[in-house]
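Chain order of the listed sequences is E and W. Residue numbering for the first sequence follows this note's numbering, starting at 235 and increasing by one per position. Residue numbering for the second sequence follows this note's numbering, starting at 51 and increasing by one per position.
The set of hints was computed from the structure by calculation and includes no laboratory data. Careful, some of the hints might be misleading.
Claimed, not checked - Across the chosen pairs, the derived CB separations fall in these ranges:
no., chain 1, residue 1, chain 2, residue 2, range
1, W, 190, E, 391, 52 to 58 Å
2, E, 671, W, 460, 40 to 46 Å
3, E, 297, W, 460, 51 to 57 Å
4, W, 434, E, 659, 38 to 44 Å
5, E, 659, W, 451, 46 to 52 Å
6, E, 309, W, 389, 54 to 60 Å
7, E, 689, W, 56, 57 to 63 Å
8, W, 389, E, 670, 50 to 56 Å
9, E, 663, W, 157, 51 to 57 Å
10, W, 75, E, 263, 52 to 58 Å
11, W, 444, E, 683, 44 to 50 Å
Here a beta-carbon is modelled for each residue, glycine too, at the ideal position from N, C-alpha and C.
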Amino acid sequence: MAEDILHEVTQNEYKYGFTSDIETDIIPIGLNEEVIRLISSKKNEPEWMLDFRLKAYRHWLTQEIPQWAHLEIPKIDYQSIAYYAAPRKNAPKSLDEVDPELLKTFDKLGIPLEEQKALSGMAVDAVMDSVSVKTTFKENLAELGIIFCSFSEAVEHHPDLVKKYMSSVVPYTDNFFATLNCAVFSDGSFVYIPKGVRCPMELSTYFRINSLNTGQFERTLIIADEDSYVSYLEGCTAPMRDENQLHAAIVEIVVMKNAEVKYSTVQNWYPGDKNGKGGIFNFVTKRGICKGENSKISWTQVETGSAITWKYPSCILLGDNSSAEFYSVAVTNHYQQADTGTKMLHIGKNTRSHILSKGISAGYSQNSYRGLVKVNPAAQNARNFSQCDSLLLSDKCGAHTFPYMEVNNDSSVVEHEATTSKISEDQIFYCNQRGISTEDAIGLIVNGYAKEVLNKLPMEFAVEAQKLLQITLEGSVG
Amino acid sequence: MEQQYIDLYKQFHENIKSNSAPVINALRDESFELFETLGFPTSDLENYKYTDLNASLSIDYGLNINRIHFPVDPYQVFKCDVPGIHSFLFFVVNDAFFPVNEPRNKDLPEGVIVGSLKEIAETQPDLLKNYYGKLSSKQRDGLVAFNGTFAQDGFFMYVPKNVVLEHPVQLVNIMRSDVDFMANSHNLIILDEGAKMQLLVCDHTVDNVRFFANRVTEVFVGENAVYEHYKLENTHTRMTNLTTLLIQQKDSSTVLTNLITLHNGFTRNTVEIDLDGEHCETELCGMVIGDKNQQVDNFTTILHNQPNCHSSELFKYVLDDVSKGGFTGKLRVAKDAQKTSAFQTNRNILLNKTAKMRTRPQLEIYADDVKCSHGATIGQLDESAKFYMQQRGISETEARLLLMFAFTSDIIDNIRIPALQDRIKIMVENRLRGEISKCEGCMICQ
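Construct the complete structure from the given sequences, taking the supplied hints into account.
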């Protein structure tokens, strides 16, 4: 019985798969300095931006793909990727000008721009392929002095802020994929919350990959000035397709004194079909810095998609008394591979971090947690607690934990614990005895297992995340 | 750095081979080729992230390729004997088995073959053929390959079917030389079905020169056999001690491995336990007390290749001064190794601002019907427990000591040789009291 259900669950295919026909403006495939100049000129970027891109590109040529992850990455031909794609009907003045196909796509994703604009209270900056198409609620936010716009607009209108903070958390030399992003990034979001402002709504960006053979290279930069607060949501779904797509994004967060940033992600890109064909390669560099005293960063992620996930949202705890949290649910099915976790760098005094990671693997998938907690000599009284649990739903999948702990002083306490198990017969039997069917029992257990993390998501997102979990695993379970 | 040894081998490989046995030489060129490609491991390698051999390898060591006999009286040197232990006693001086006329060894049961690896390889090659290098040649590790290139001798022991050794076997590794010296030796231990033995390996240094030891030990534990391996290190601070312990377990065998590092210079213990049979049980534990600039890296791997096995692992570190500790606990459960239960714990106490600890407990699991967990902590002594004791009239120093002693006690309790357990209790207590920060009778460490 239970096996049938698991079988059914693991055979479940991606339900959000579709492609929409929108004319896009693609530059020829391949990567060289000319292409970078072309991207830069298409986006009308200033000279300093082009210099930054070229500097990164030249460094990228000297770098190699990191090999330490527990992933089998097929060889990626970086010369066969188109590095820029923008919907042709660029920058619509009103919704009427927006391509009806695009609107339809958003409808399928549950983001009807026009209605949601008024109803949901969220400001949606929708990224279709690479260029921001529509940003809403900008006016409302502008009254508070909050800047929420596409990265290109930020380069144009707020060059000082961009110059000051871009690449300050993730340097252009950071790693292979981050450097590639620095060279070719297309667009992304920019958020600035001024001093003492509490952002009244959840800021949200939906990413979509839509054009055949285009890698997506977004860049997000969030700056929370002193005493401010913002909660930022990032969610993604992608259409079904056969060829692997590369995605290498960068997210940078700068948090000043007494400020707090909450960053939540639901990632549901096309994971490939049940034979492991296709799917998105997701190599993301996310990092935040708690610059000032008492600052706080909280990462929450629900990872259900992508053929390969390589993602480690990290925190640099520089300010005294700053704190960081990382909550993650990673679900892998079929032939998906995920190597995800976090890095907590304790530099300031009395810094605290909390890691909670829940992995669920099914089918033939491989799911790894990899994390580093490093306490510098000066980080007196630093405190960390990490917990990583893995749940196995088939005998062909793998669940792995690779925590690294490095402590360099005598007043810090670092703790780590991990467990791996499957849903035990006892648990199911217990539920059965109480009149709960095996279907419901598995559903209950998986749900309960992930609940701790799902509860950390903002209301608007928790619903979607639960739906996603259901689709990836529970849907057919009950 | 590798180059001088590569040249040395190219120049002297005939000498090396002529001073060893054909069975041992059989894998030598293969090892050399591997060493040529891999070189010495650097800290860039994931497996050697916490072991930096640069400083140790930059020294020009002497190698005893021509098997010159080192004049030494091991009984004179070996004073740290465990009182009350009735053991069969054997010595390896530097890199060669050192025969002594030990009266106690006459009590060894019939059929047990023990002695110099080289000699037994010459006289009874068939005994070694199926075992020598079987585990080590699978390793893609620069140090193991280096050992395979240069090792000529070592300790050999064979315990036949259903033979139970009443007393532990004590193997004493003594480093003795007038110049900076490097030793490569290979030990081979075979337990046939139902055999039982306890091995206590003690590492000692004699002269105040720099030593570099690179030892590989292969242990084959047959069906229903019981093997206990204790490694007690008490060397001086100028010693680089690299050991690789490879254990293969067959059905229903039981193994206990206990690595105790009380005093050392630079130590890396690589342990790999292959659970190649069903219903195996393995326990791996260890303890490190480090101060000064000592460095210890325990790199352990337990491979659950077959179903229904159980493993538990526990390592504890107490680090003071500028000492550095490293721990890696790899636990891999293969695809079909269902019903595995595997538990791992690593606990560490840092007593000083400048002491450093790095730990990597890792689980790699490919089967679903398993119960696996790991836990790791790095912290300090419990202040409230200390306060509780102080309230009851126990001085702070004494309270600290009690807590540290309690912290290490579960490792000591895991020693199943009573005399050794008593001895180590005293040694640890003395060590923690700071009364001895060197080995007994040693004039080298200050």
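So, going through the hints one by one against the coordinates:
no.: 1; hint: W:190 <-> E:391: 52 to 58 Å; in the structure: holds, 55 Å
no.: 2; hint: E:671 <-> W:460: 40 to 46 Å; in the structure: holds, 45 Å
no.: 3; hint: E:297 <-> W:460: 51 to 57 Å; in the structure: violated, 46 Å
no.: 4; hint: W:434 <-> E:659: 38 to 44 Å; in the structure: holds, 41 Å
no.: 5; hint: E:659 <-> W:451: 46 to 52 Å; in the structure: holds, 48 Å
no.: 6; hint: E:309 <-> W:389: 54 to 60 Å; in the structure: violated, 38 Å
no.: 7; hint: E:689 <-> W:56: 57 to 63 Å; in the structure: holds, 60 Å
no.: 8; hint: W:389 <-> E:670: 50 to 56 Å; in the structure: violated, 26 Å
no.: 9; hint: E:663 <-> W:157: 51 to 57 Å; in the structure: holds, 55 Å
no.: 10; hint: W:75 <-> E:263: 52 to 58 Å; in the structure: holds, 56 Å
no.: 11; hint: W:444 <-> E:683: 44 to 50 Å; in the structure: holds, 45 Å
Checked against the numbered hints above, the structure breaks hints 3, 6, 8 and satisfies the rest.
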